[in-house]
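Sequences and hints are given; from them, build the entire structure.
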Amino acid sequence: MKIVGLIIVAVTGAFLIYAAADFPAWSDPASPASTYLSPHFIEKSMEETSVPNIVTAVLADYRGFDTMFETTVIFSAGVVCFFLLRISRREEPESRYYRHVLTGVTIQLKEGYKMPPSDDFEQIDAAWTPPDLIVKTACRILIPFIQLFALYVIAHGHHSPGGGFQGGVILGASVILFAISHDLRSAVRRMSEKLIAILCAVGVLIYAGTGALCLLLKQNFLDYSVLAGVLHVDPITARSHGILMVEIGVGIAVLATMIWIYNNVSSAGRYRQGL
Amino acid sequence: MDKQEEEELGHDHNTSKAENPDQGSGRRKNFGPYMVTFFIMFGVWVVLSGKFDPFHLSLGIVSCAIVTYLSADLLRPSMRGLLIMLFRWVPYLLWLIKEIFKANLHVTYLVFHPRMMDLIDPRIVKFRSNLEGDLALVTFANSITLTPGTITVNVSPDGDFKVHAIDKASGEPLPGEMEARVAKAFGESDG
Amino acid sequence: MDIMNIIVCVLLFSGLFFLTGGAVGILRFPDFYSRLHPAGKLDTLGSLLAMTAFVIFNLHHFSIGALLTSLKILLIVVFIFLASPTATHGIVDAGVRAGLAPWTKGEKRR
Amino acid sequence: MDNIFLYSSLYLAFLMILSLVRALIGPTVLDRMIGVNAIGSKTVVLLIMIGFLYHRMDMFVDIALAYAMLNFIAVLAASRYFQKRKGLYDEALYR
Amino acid sequence: MIWPIDLAILTLVVVAAIGALMVKDLLGASVLFGSYSFMMCLLWSIMGAVDVAFTEASVGAGVSTVFFVAAVFRTTRRTRD
Amino acid sequence: MTDLISTVVAKYNYWIYITLMMIGLYAMIVKNNLVKKIVGMNIFQTAIILFYVSIGVKKGGTIPIIEHGHGQENHVVHAVDYINPLPHVLMLTAIVVGVATLGVALALAIKIYNNYNTLEEDEILAQVRGK
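Residue numbers (this note's numbering), protein chains in the order written: chain X, 1 to 275; chain V, 1 to 191; chain W, 1 to 110; chain E, 1 to 95; chain Z, 1 to 81; chain D, 1 to 131.
Honestly, I wouldn't trust all of these hints.
With a straight-line Cα cutoff of 20 angstroms, these simulated EDC-like cross-link-like pairs (lysine to aspartate or glutamate) come out [stated by the list, open to error]:
(1) LYS2(X) x GLU121(D)
(2) LYS136(X) x ASP125(X)
(3) LYS24(Z) x ASP122(D)
Now the in silico label distances, taken between C-beta atoms and shown as ranges [what the hints assert, rightly or not]:
(4) PRO102(W) x ARG270(X): 30 to 40 angstroms
(5) ILE107(X) x VAL62(V): 43 to 53 angstroms
(6) THR72(X) x ILE48(D): 15 to 25 angstroms
(7) TYR12(D) x TYR97(X): 53 to 63 angstroms
Listed below are several chain E residues computed to face chain X (Cβ distance under 8 angstroms; list not exhaustive) [claimed, not checked]:
(8) ASP2
(9) ILE73
(10) LYS84
These are calculated hints, taken from the structure and not from any lab test.
Think of the CB as a built atom: it goes at the ideal place given N, C-alpha and C, for glycine as much as any other residue.
This is the structure we're talking about:
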């Protein structure tokens with residue numbers, strides 16, 4: 001196998017090197033890639049959308065279809081993880097463990113028995129380890145700021161690097177950080193599985209709904225300039241606002257997908273205490 | 001805006017379970033912590049954003065409201081403590097930075113010393129601290145990690161510290177002055 | 001080369017010096033626990049000094065935008081000061097739980 | 001000043017090589033984690049330097065901020081592994 | 001754009017990639033893969049692709065390494081190659 | 001000879017991308033462990049993304065965010081001054097989609113481990129044939 005692999009790799013590499021001889025030299029302003037379409041984007045995007053960040057303008061406006069289906073791909077990745085891993089049926093009844101929050105006393109209930117939900121006791125796993133004090137407290141302080149930064153990134157995708165994808169990933173990372181520093185159960189308690197599933201779909205729906213709104217107003221799909229009538233602004237600003245709406249949709253979808261994948265992977269679909 | 005926001009926060013009241021043991025079972029009746037969180041967040045937002053037109057400021061208010069709704073129970077500040085802390089923290093931070101400098105010069109000396117292996121003598125020091133409160137303990141632990149040749153290995157919620165010291169001289173003065181200063185910064189100066 | 005640039009250079013180079021100490025210390029120290037000392041401390045201080053240099057350099061052409069950018073750099077410092085000891089502590093904790101014995105004097109380097 | 005930043009960045013890249021060596025040869029996973037953590041803290045400084053080299057500091061500072069916020073999550077996750085599964089070289093059975 | 005740093009980081013990237021594949025321990029491989037994505041982020045900001053660098057910073061530092069560690073946690077660390 | 005050397009030096013980054021790509025491909029083909037294969041897949045993917053992004057680089061260009069913010073619409077923008085943003089757009093989404101597919105791949109690996117109790121490819125194949 002090793003030999004075959006080496007041969008395949010060598011042949012492919014040789015072909016690529018042969019092809020690389022025809023590539024334009026690195027950082028050449030006159031290379032074909034930057035002479036046909038991109039000058040239009042660079043020179044016109046500010047006039048047409050009033051968005052200084054060209055990448056955001058191209059991402060959400062000129063190539064809106066592409067991004068919409070990328071969002072759909074992310075959504076379906078989350079769904080696939082759920083269907084692959086989630087074990088919904090209950091296995092044979094096993095004993096449950098509860099921990100008294102204030103004193104740390106653990107009690108074990110025999111199979112089938114359940115404790116009424118109360119604030120004093122929390123359900124834990126057999127292999128439960130207490131979260132570390134320093135990590136827990138430091139993360140508790142850091143998480144709100146990370147979330148605020150993520151929202152800032154989503155809101156300011158027009159003027160600085162950022163946008164829905166980055167902000168959504170950071171927001172998801174903050175929830176993942178909560179799950180790591182505390183445990184998965186409390187993270188799921190704050191953000192239930194149902195909510196995540198709904199958010200995941202809502203994100204894609206916001207994106208598609210913005211496009212459909214344009215369609216309803218008798219324009220092309222995802223042509224935001226027609227939103228000017230709804231928002232009472234001029235068409236150029238309307239395009240910038242349309243981009244913001246789309247970015248929010250992307251952010252929500254990415255956020256929910258990241259948390260969903262993490263929850264499923266780290267607990268192998270059982271939603272017990274994860275990593 | 002404020003009214004709507006408080007309505008939103010009212011929902012949070014139900015969902016924030018008693019996962020904070022030190023907070024006790026007392027139901028939050030006042031919105032003080034929420035307002036403080038909101039204003040801290042808004043201050044940070046202004047620094048981050050750097051745009052002061054109404055559109056971006058309203059985006060900021062919405063974002064801060066969302067963050068307050070999501071995680072005010074994580075930050076849980078109090079108005080009085082915050083103001084006092086601000087005045088007490090500045091001298092502590094200055095002192096800490098001075099200590100960090102000394103610590104780093106010491107470690108750098110060890111790193112570049114040709115016979116480094118003879119100089120270092122790692123050991124684990126155990127002591128008990130009188131500090132109470134998670135935040136004070138964590139500040140103390142992180143300060144220990146940042147200063148002379150010592151790293152906090154383990155802290156129990158009761159205040160038992162285990163510290164890894166790189167040589168004998170580093171581990172000896174603990175808890176010492178630093179604990180007193182942390183206690184002062186957090187208003188626990190009786191300890 | 002005015003006085004401002006000299007201050008920036010001095011701060012930057014001292015920061016780089018401490019970062020060097022961190023990198024060399026990670027390589028030279030004998031075991032995992034003692035390696036954490038340079039990694040946790042020297043990198044933090046090196047970053048602090050370098051960031052201070054950047055703040056001063058950024059404020060050279062003063063404007064509101066530059067001031068806000070400098071404040072953001074200071075925010076980075078705050079986050080490093082919170083996150084770096086936490087990460088260090090996380091690694092130490094993992095080492096203790098994994099049952100790694102600390103190196104004591106006279107042993108071989110590992 | 002540009003030249004100073006350029007050579008400082010090159011020097012930082014060299015320091016990253018040193019940390020990477022520890023990450024590569026480290027006898028245990030924890031040593032690798034130390035090396036990677038050190039690389040992360042140098043990356044933040046290097047990102048800001050690149051921002052100065054482009055003369056667009058206000059754009060690059062966001063990336064560095066995101067980096068400073070997030071680069072300890074990976075280390076925390078890897079250290080959390082050892083809280084659940086004890087043992088450095090081989091693992092206890094965990095179900 | 002800034003070719004000396006570009007070359008230096010590219011070399012580091014190749015070393016980190018080989019290291020991540022050579023390590024005989026899956027947890028170590030995922031940790032090294034984290035460092036690989038750190039350098040990728042640097043590389044993209046050197047090329048001036050700020051948005052891509054931002055994405056990689058948030059993804060590489062925040063999420064992908066955590067996914068790897070979680071998967072290794074749920075499976076096994078042992079590997080023969 | 002000098003011609004060859006100048007070509008090699010001028011396109012140094014392409015050679016490194018090809019090296020990275022080959023490392024990833026080799027890992028995907030030869031490595032026995034599924035997680036290692038996934039790492040190889042990611043390396044391959046990042047090499048392609050690197051190639052795309054490097055197409056857009058322009059000498060003397062700045063980052064593709066127009067320097068004058070709101071209000072100054074009359075400011076003339078020259079395409080030569082800014083790096084080509086198009087590859088960035090394509091690759092930005094590719095990275096996030098890459099993470100999502102990474103999650104799916106890891107989920108598959110966990111599923112396989114639960115069924116066969118191993119991550120090694122040959123052992124899995126042996127178990128499949130044995131059944």
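Hint check results:
1. Between LYS2(X) and GLU121(D), the direct Cα distance comes to roughly 14 angstroms. Compliance with the 20 angstroms bound is thereby established for this hinted pair.
2. Between LYS136(X) and ASP125(X) the alpha-carbon distance is near 19 angstroms, which keeps this suggested pair within the 20 angstroms criterion.
3. Our distance criterion of 20 angstroms between C-alpha atoms is met by LYS24(Z) and ASP122(D), whose separation comes to about 17 angstroms.
4. One distance hint, 30 to 40 angstroms for the beta-carbon pair PRO102(W) and ARG270(X), holds here, with the actual separation near 37 angstroms.
5. A hinted range of 43 to 53 angstroms for the beta carbons of ILE107(X) and VAL62(V) is consistent with their spacing of about 44 angstroms.
6. Between THR72(X) and ILE48(D) the Cβ separation comes to about 22 angstroms, which falls inside the hinted range of 15 to 25 angstroms.
7. Taking the beta carbon of each, TYR12(D) and TYR97(X) are about 59 angstroms apart, inside 53 to 63 angstroms as hinted.
8. The beta carbon of ASP2(E) is not positioned within 8 angstroms of any beta carbon in chain X (closest approach about 18 angstroms), and the interface hint is therefore violated.
9. The criterion of a C-beta within 8 angstroms of any C-beta in chain X is met by ILE73(E), whose closest approach is roughly 5 angstroms, and the hint holds.
10. At about 6 angstroms, the closest approach between the beta carbon of LYS84(E) and any beta carbon in chain X falls short of 8 angstroms, and the interface hint on this residue holds.
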